[in-house]
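If you follow the hints, you should be able to join the two separate chains into one complex; please do so.
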Amino acid sequence: GNSVTQMEGPVTLSEEAFLTINCTYTATGYPSLFWYVQYPGEGLQLLLKATKADDKGSNKGFEATYRKETTSFHLEKGSVQVSDSAVYFCALSDTNAGKSTFGDGTTLTVKP
Amino acid sequence: GAGVSQSPSNKVTEKGKDVELRCDPISGHTALYWYRQRLGQGLEFLIYFQGNSAPDKSGLPSDRFSAERTGESVSTLTIQRTQQEDSAVYLCASSITSGVTDTQYFGPGTRLTVL
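Protein chains in written order, with my numbering: chain Y, -9 to 102; chain U, 209 to 323.
So that you can see chain U by itself, here it is in the shape it has in the complex (with noise of 0.2 Å):
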């Protein structure tokens, strides 16, 4: 079946300008999760979705950060007045439910520049 997709593919932006990056996790999934992935190093954990609950943003590192997502499907990542610093590969995954030994499945990722 269908993975995990996310768009777009690449996005070069120019700093102070918002972008919004899209998942569809899935389906079926209850769990979503978005990562970011710096150049040469590992993921870093940014905020995750479980059905209904509330999302866990701890993970945000500053208030222009702010996820949604719809129901258990799509969800969208939003980065407001962009910075150089914010130039990254942004993951998201996807998994059946959040326990402790269920495998995330990620998408291709996004890779973002900020000029």
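Chain Y on its own, in the form it takes in the complex (with noise of 0.2 Å):
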């Protein structure tokens, strides 16, 4: 069946560091890949997606690219900011998107 790992948590970092948060995927098929955020206090929301391989997601600064050969979408950022603080989830939808898999999240702290 299909899964998504993520890099597990929590990650602090300092304000303008550069942010990686890992995210490798199996699915049979041609799968989208998204990074969802959830503030504090807030629902979950879209931060990117990609449809199809090499392309890119990007959104407020963050990036991922979807690479089949890596089964990967690595999710960046070059100078993070308090207000990045969050979980961030990665998903994949594989065929039937209401199959969708998320990752356990993964927490980020950002210091000032």
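Hints in this document: simulated from the structure, not taken from any laboratory.
Among the hints, a few may not be true.
Facing chain U, from chain Y, some residues (calculated, C-beta under 10 Å) [stated by the list, open to error]:
| # | residue |
| --- | --- |
| 1 | Tyr20 |
| 2 | Thr41 |
| 3 | Lys42 |
| 4 | Ala43 |
| 5 | Gly93 |
| 6 | Asp94 |
For each residue, glycine too, the CB sits at the ideal point set by N, CA and C.
Below you can see the structure in the form of structure tokens.
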């Protein structure tokens, strides 16, 4: 079956540091890949997505590239801010979006 | 416009009682999903509805769990004879369709505590 493995947290960084959160997946077919973010006290919301190999999703300074050869979708940001503190979830949908598979989430804390 | 809403936001119940959780999806979204999120864990798929098709119930953990949806609007997740292991945040999401590229829009969740 499908699975998503995320870098374990929590991750603590200083403001302006470089961020990488690793995500690898196992899936049949041709999945779409997503990063969702959950800010404190808020619901999950889409951060970015990529729907085919070599696509790059980007939003709010975050980027992730769909790498089929390494089955990865790592999240990166060049300079994090305190406001980026949140829980980040990597997810995939494969053929049937109703069966989207989520990683366990990575908690990021950015200190001033 | 309005996002996905869920009620109640918090529910505390005694073991053995039945509970109903409600989800109002975004208007016009034909697909609706329920997930369970236990503390410190990822989202666990429970069930999803697509239009008037039969729902995919393959993620429901036991026959104590059931869900209904009225047309393409409100959905209710019912848990009968609640157990302590049912304690979790129950998340609802909707999307325009259930296509593989469609983004899911999540509600704020219902935190269920079974004493």
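The hints, checked one at a time:
| no. | hint | in the structure |
| --- | --- | --- |
| 1 | Tyr20 | 8 Å, holds |
| 2 | Thr41 | 5 Å, holds |
| 3 | Lys42 | 9 Å, holds |
| 4 | Ala43 | 14 Å, violated |
| 5 | Gly93 | 5 Å, holds |
| 6 | Asp94 | 4 Å, holds |
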